[in-house]
Amino acid sequence: MFLADAAIDTRFASISNDLIYSAMAVFLLAFLAYACEWTFGGRSRIARQSAALAGKAGSSVADTVAEAERTAADAGKAPTVAVTVTRAGGGTTTLTRTVAAKAGSVDVVTRGDAAPPVDGVGASGGDERADRLGRIAVSLTTLAVLLDLGAVIARGISAHRPPWGNLYEFTCAMTVVAGLLFVGLLAARKNVRWMGLPLTFGALVGLGIAVTEFYTASEQLVPALHSYWLWIHVSGAMICGGALYAGGIAAVLFFVKDVHESRKAQDPAKAVGWWADVMDRLPAAATLDKWSYRINAFVFPLWTFTIIAGAIWAEAAWGHYWEWDPTETWAFITWVAYACYLHARATAGWKGRKAAVLVFIAFACYLFNAYGVSIFINGKHSYAGV
Amino acid sequence: MTTDGRTAEERTPEEQTGEKTADERAAERLSSAPVDDSELDAGSGAGGAAGIGFVGWIRWGWRQLTSMRTALILLFLLSLAAVPGSLVPQVSASPTNVAAFVTKHHTLAPIYQKLGLFHVYSSFWFSAIYILLFVSLAGCIVPRTWQFVGVLRSAPPAAPRHLVRLPVYATWRSRGADSEQTLAAAETLLRRRRFRVARSGDAITSEKGYLREVGNLLFHISLFGMLIAFAFSKLFGGMGTVVVIEGKAFSNNVSQYDDFMPSTFYTGDDLTPFGFKLDKFEASYQASGPQMGNPTMFQANVSYWLGTDPTKTKNAVVQENHPLEVDGSNVYLTAHGYAPVFQVTDAKGDVIYNGPTPCLPQDSNLSSTCAIKVNDGYVDNQGNATQIGLSGIFTPTAATDPASIRTMGPHSVFPDLADPEIYVNAYHGDLGDNSGAPQSIYELDTKHMTQYKLDGQPLTFALKPGQGFKLPSGGTVTFTSVQQWANFTVATNPGSSWALLSSMAAVLGLIGSLFVQRRRIWVRAVTAEDGTTVVELAGLARSESARIAEELAALALDLQDTAPADETAVTDEPDTVAAGTTPKE
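Residue numbers (our numbering), protein chains in the order written: chain B, 1 to 386; chain V, 1 to 585.
No lab work stands behind these hints: they were computed from the structure.
Among these hints, one or two may not hold up.
Taking lysine-lysine and the DSBU-like style, the derived pairs with C-alpha atoms no more than 30 Å apart in a straight line are [stated by the list, open to error]:
| hint | chain 1 | residue 1 | chain 2 | residue 2 |
| --- | --- | --- | --- | --- |
| 1 | V | K348 | B | K380 |
| 2 | B | K380 | V | K277 |
| 3 | B | K380 | V | K447 |
| 4 | V | K464 | V | K447 |
| 5 | V | K464 | B | K380 |
Full structure from sequences and hints, please.
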């Protein structure tokens with residue numbers, strides 16, 4: 001796995017560099033396409049209002065009609081019972097089942113404070129032209145992520161090692177993770193296109209800083225990194241970083257949308273203008289909050305595992321599993337900050353915007369750990385290559 | 001996990017008129033989320049505090065400490081308190097850096113010293129925060145464990161009377177099955193879904209997702225496990241470091257260590273007898289490219305023995321990520337450098353010194369500082385005994401560019417031994433190593449020494465291996481060859497497997513507590529006056545992103561096989577159902 005004498009394949013190294021620049025170009029196009037979608041979608045007020053009304057009435061066409069257990073052909077002949085569920089965000093799902101006797105229908109009703117929040121119609125605002133732009137943006141994002149992924153793989157091939165041995169490679173790989181998460185959620189038919197604009201922006205900034213500030217030629221690793229824990233510990237940190245960025249986006253959008261919603265509830269006349277127009281198209285604050293929670297809660301055990309993997313590695317490399325090295329310390333601080341968020345979100349008086357602020361702090365801690373500590377603080381984790 | 005703290009406004013008017021219903025109380029117990037009872041305390045605590053006496057105050061304090069709000073604040077403080085340790089040099093990490101900081105900052109250093117900022121993680125305030133946090137945690141976890149044991153031992157709670165009030169609800173009338181058949185079918189279906197099921201009168205009550213609370217408790221208990229393991233390793237573990245030159249041996253006792261860090265229950269007497277000899281140190285470096293000089297491989301080839309007999313040896317390779325495990329201790333390779341070999345003769349021509357001296361690397365190309373100390377035996381041409389000191393800069397590959405030497409002094413341009421050279425200044429006089437004060441082996445204390453001079457100019461030589469020079473006092477100094485040294489850390493970390501076990505349990509617990517959804521489903525079936533069976537389903541999930549509506553729908557669907565919905569019995573308008581117009585019971 002670690003052939004210390006293996007030569008660097010410069011051909012793959014240069015392919016990797018070309019792919020990174022291509023990915024940046026395509027991310028930029030995708031970013032512009034999302035921006036256009038938001039801009040042109042805003043013009044189609046009437047379409048959006050009608051869509052919103054339709055959503056509120058609960059009479060919109062069911063997003064997904066799942067036919068349960070029997071084929072459609074059978075269902076056509078025999079009497080059926082339809083069970084209709086209203087899902088979060090306002091959509092409904094109807095499940096059908098053929099029965100022996102007469103057919104009726106059952107509604108599963110969600111009541112009171114558990115009632116599903118009504119999401120905005122999305123960036124395109126129901127406008128067809130804007131929607132087409134949005135679809136183009138999604139395709140471009142997918143392409144960019146694939147190019148980015150290709151670049152990371154080419155790096156790995158060129159150096160015969162995991163392609164995350166320094167800050168440049170770490171950052172590139174992290175943008176791949178964030179991108180794959182986004183594309184994966186879209187592929188799973190989750191409504192997350194609203195994340196596209198900030199996500200492509202983050203990928204652009206990340207890759208831009210990586211190539212200008214952190215660039216390191218494809219090289220072999222220092223002996224300290226000759227360990228299979230590099231596969232586990234660093235990739236864990238990287239996956240966490242990519243996902244936490246997505247969680248952070250959701251938290252920021254939740255915050256602004258929540259402010260907008262409460263302002264609108266106070267005085268609807270005040271909530272006008274282009275900002276309100278954008279806000280109205282975002283998913284409901286509750287939905288954004290749920291996304292932020294889901295992603296961050298998903299990452300938390302992984303982050304815990306990453307720290308533990310690091311501790312095991314530290315014991316094999318440095319003599320003790322925990323020595324309060326600056327990177328260890330900040331990993332711990334980040335962990336505690338996310339633990340604060342998870343507890344706060346479950347505690348009356350803390351949930352909502354206050355908990356979202358904790359996400360900002362926690363993510364800032366993560367970023368400081370990955371970049372600030374590597375660059376400014378001298379510790380044992382000095383592998384940044386900058 | 002989040003819907004605790006529901007306020008009155010969120011309830012339906014119907015509910016507000018009545019007191020808390022049984023199902024709501026059940027719902028609150030169902031949640032595995034910590035409950036913030038600060039509001040409760042504010043009401044009862046503050047008012048009652050005046051007349052509660054000492055025990056009352058204790059109880060009040062305990063309740064404050066174990067409240068979620070306090071735990072949150074303590075958690076936040078813990079992360080805040082960990083920050084300075086990463087910014088201020090720590091004694092535990094590098095005493096040298098602390099010393100350098102103290103000499104550099106005359107005003108700040110004493111303040112930092114008082115605040116314990118040079119040893120943050122063992123300071124009283126850091127300890128106070130985490131101890132309080134753990135006490136608070138214990139105060140929360142212990143009662144919850146008992147409560148949970150109680151929940152497991154009793155049947156799922158009885159069905160609420162008005163299922164329609166529950167968050168997710170469905171109902172239909174059926175002519176296909178009587179109530180008993182319907183309930184039996186529901187029971188089978190729920191059991192197949194691995195719900196814990198119990199009959200309560202005309203209804204079935206079921207619950208699932210206990211692993212959420214199990215995970216929650218496991219995670220928090222594991223934190224205690226980690227704390228104990230950590231404390232154990234601090235009390236019973238220890239480490240020492242030693243520089244070993246190629247061809248030399250080390251045996252594991254305190255006198256052989258350069259630096260020994262014992263702990264409360266781990267002293268020099270606890271060292272297990274073993275030893276090793278550094279046969280050869282090997283390193284390779286990148287010879288070209290932008291990262292030229294970066295190491296690609298280090299390894300120490302050693303032969304080691306157990307016990308006190310150094311004749312029965314085994315060979316081993318120690319690398320940076322591959323320590324050598326000997327009898328419960330781990331031997332780590334932590335640093336390396338060069339040790340030029342010098343031969344010194346006195347004025348009579350007797351060899352009075354011959355051996356390697358480890359030099360301290362100063363940069364990544366291993367430009368190193370050396371101090372060769374000839375303590376005794378030197379007799380000058382006057383017949384007087386004196387001590388000789390050589391201070392040198394060793395460069396494994398000497399810079400040849402005159403311009404760079406002029407600005408940076410002698411330095412190395414590559415870490416490997418391509419063109420070794422040492423720049424030496426020679427001194428005579430008192431080395432000061434008999435004064436009792438500890439001395440660095442890498443530095444020459446020239447306070448009581450005089451530099452040799454030639455024609456008024458300080459005597460400086462650049463020597464390559466094999467070269468030497470004659471001292472004005474009659475002796476000679478010869479740089480014969482270069483050896484390498486390796487720095488080893490020998491560490492004992494008892495309890496680390498317990499730390500690992502606890503931390504793995506913590507991750508498992510986290511996964512359970514975050515991803516398992518705890519929920520209840522009730523099914524009631526009664527026979528109406530018209531002979532039809534009224535089926536009611538209700539679900540309650542108190543944790544985040546539970547798909548209880550979907551789950552209830554799937555159950556309703558499966559129940560159609562036994563009790564199909566009658567097409568005339570239920571209206572199609574969900575709003576009317578939501579408002580509470582249920583079929584007559």
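**Prompt:** Can the restraint linking K464 of chain V and K447 of chain V be considered satisfied, given a maximum Cα separation of 30 Å?
**Reply:** holds, 28 Å
**Asked** Is the Cα-Cα distance between K464 of chain V and K380 of chain B 30 Å or less?
**Response** violated, 34 Å
**Message:** Check whether the Cα positions of K380 of chain B and K447 of chain V lie no farther apart than 30 Å.
**Reply:** violated, 35 Å
**Request:** Starting from K348 of chain V, check that the Cα of K380 of chain B is at most 30 Å away, please.
**Result:** Violated, because 50 Å separates the two Cα atoms, which is more than 30 Å.
**Request:** Below or equal to 30 Å on CA atoms is what counts here, so check K380 of chain B against K277 of chain V.
**Result:** holds, 27 Å
In summary, the structure is inconsistent with hints 1, 3, 5 from the numbered list given earlier, while agreeing with the others.
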